[in-house]
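Undergrad: Given next are the chains, with one letter for each unit.
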Amino acid sequence: MLAAAFADFMQQVVSGFASGGIYAALALALVIIHRSTGVINFSQGEMATLCTYIAWTLTFNHGWSYWPAFVATLVFSFVFGLATHRIVIRPVERGNVLRVVIVTIGLLIAFNGFVVWQWSGEPKALQSPFGTDTIDVGGVVISWQDVGTILVTLGIVVLLWLLFQFTKLGLALRAAAVNPEEARLVGVRVSWMLGLGWGLAAVLGAVAGMLTAPTVGLDPQMMQPILIYAFAAAVLGGIDSPLGAVVGGLALGVLLNLIGVYVDFVGAELKLPVALLVIFVVLIVRPSGIFGRPEVKRV
Amino acid sequence: MPNLLELDEVEARYGPVQALRGVSLTVNEGEIVAVLGANGAGKTTTLRAISGTVSRSGTIELYGKRLRGGPEAAARAGIAHVPEGRGTFVELSVVENLRIGAYTRRDRQVKSDIERVSEYFPWMLERGGQRAGTLSGGEQQMLALARALMSRPRLLLLDEPSLGLAPMIVREFFRTVLHLNENEGLTVLVVEQDARIALASSSRAYVLEVGRVALTGSSAQLQGDESVRRSYLGY
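Chains as they are written, first to last, in the working numbering: chain A, 6 to 304; chain B, 181 to 415.
Derived from the structure by calculation, the hints contain no laboratory data. Hints may contain errors.
Claimed, not checked - Under 10 Å between C-beta atoms, here's a sample of chain A residues computed to sit facing chain B:
no.	residue
1	R179
2	A180
3	A188
Stated by the list, open to error - Here are a few chain A residues that sit away from chain B, every Cβ distance over 10 Å (derived from the structure):
no.	residue
4	V152
5	L176
6	N184
As the list claims (entries may be wrong) - Under the rule of at most 20 Å between Cα atoms (straight-line distance), these lysine to aspartate or glutamate pairs were calculated in the EDC-like manner:
no.	chain 1	residue 1	chain 2	residue 2
7	B	K245	B	E189
8	A	K173	B	E276
9	A	K173	B	E271
10	A	K173	B	D405
11	A	K173	B	E189
12	A	K173	B	D293
In this text, a Cβ means the ideal position worked out from N, Cα and C, and glycines have one as well.
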C-alpha cells in the first residue's frame, strides 16, 4: 500500500522532471537574452512555436524522420534568432529598455499571426521520437517520452554550459553580456555576440517546442503557458543565473506536477495561476531568486 | 620611421559639448608619456578618441597608419585601453579576465603568456578562480594591467590608474609599469590626476587645458619648473 503510494509519487516526480526540463530550456533562453540585452523576450514562446511548425512541415509534408528534422530545425532556429536580433532588435537596442520590451511584445503578436496565417489554427500532430512505450523501474512506471525529454533537454543544457564555460567564444559571449563597453575594448564584436545569444536562445526554445508538441499537440498557442512557467522558473532561479533557470525549471516542473495530483482543488486548471503565484512570492521574498546575486552597486 | 602614435588636431565631442578642440601629440616606441591637466581638460577623452570609444575628427595614426572605426578595430590594431575605474570584468574569474585580454590573438601562446604575465603578479595564478569583483581595488587595477598585457599591445592606454587607491598601492602600480617598460619595451600613454607620480614615472608629458595642449616637455623639465607646477599642476 505504502510502496504503491511511493511508486505513484516517484512517477509524478519523474514526469515533473520531464516537463521541468522543458521549462528549464525555455527559462534558460530567457536568461541568456536577459543577461545580454537586459530585457525579457516576450516572443520567446512564439519563436519556439514557429520553429516547431518548421519541424512539423519537414516531417509531415516532406517525409523527413524526426531526428534529421530536429537537427535541421535547430539550425533554422539559430539563424532565425540571429536574424531577429540583427533586423528587429538591434535598431532599438540603444537607450530605454522599454523600447525593446515593446518590440518583443510586437514580435509575439507578429510571429503568432504568421503561424496562424501559414499553418492555420488547426492543431497538428508532431510525432514523438520516443514512442509511447513505458519502462518499469522497481514499480515506478516511466514513459520513454519522459526519459527522452529529460535526456534531450539536459543534453542541450550541458552542451551550452560547455560552450559558455570552456571556449573562447563562450568567454566572449559572457564578457559581452556582463560588460559590453569593456568587451569592445578587448576587441569583442559585442553586437554579434548579442546576436549569437539570440540564436542560442532560439535553439533552446525550438528544443522545448519540439519536445512539447508530441504530448500536448501542436497549435499556435502551444507555448504560451510554457512561457509563463519559464518566467516562473527564471524568476525562481534568478533571472540572470543560467544555473538558476535550470534548477528553477526542474523544481517548478516537479512542484506543479505534485500539486496538480495531490492538492485536490488545484488540478490541471489551476497550475498556471500557481506558477504566477510562485513569481509573485519570489519577487516579494527574494527578488534576485535562489541563485541570483542581489544587485550591489559600487559607489 | 613614423612615430608609434601621432594625433593631429584631434577633436571630439559628446553631443553638444566639445571636449577636445584640436589635440596634437606623439608617442614614440618604448616611451612612457603622461597626459596631465585639471578635471574636464579632456584627458580621458583623448584616450577615448584614440581607442575609438568617442566620435572624433582629425587624424590618429599608429605607425603611420590611420586608425578608423570603433574600439574593436583599435584593439585589433594593438591598442590596449584600461579605462578609468578598473578595467576588469567583475563577473569573470581572474584567469578568465586574462584569457579575454588575449581575445584578438590567434596564436597558441596564450597559456604560456598567462604564466609569463603572472610572474609580475604572483598572486594571480594562486587566485585564478576567484571572481574579479571580489578583489581589492588595487588588485583589480593590477588585473586590469595584466589583462591589457595579455593582448601583447603595441600601445597601452592607462586612464587614471591611481583613482581611489592608497598611495602605497599607486606607487607599486607605477613601479610595475616602469618595470614592464624597461623589461618588455612596453609603450604607455597614461592619463593622471596625480601629476607628481605621473611625472616621476614618465619621460615626456602633455598638459591639457580645456581641450587643447597647453604645455609639453620632458617630465624632468616640467617637474623642475615651479611656475608650471603652480599654475598647471597644482602642487
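Undergrad: So which hints don't hold here, by number, going up?
TA: 5, 6, 10 and 11
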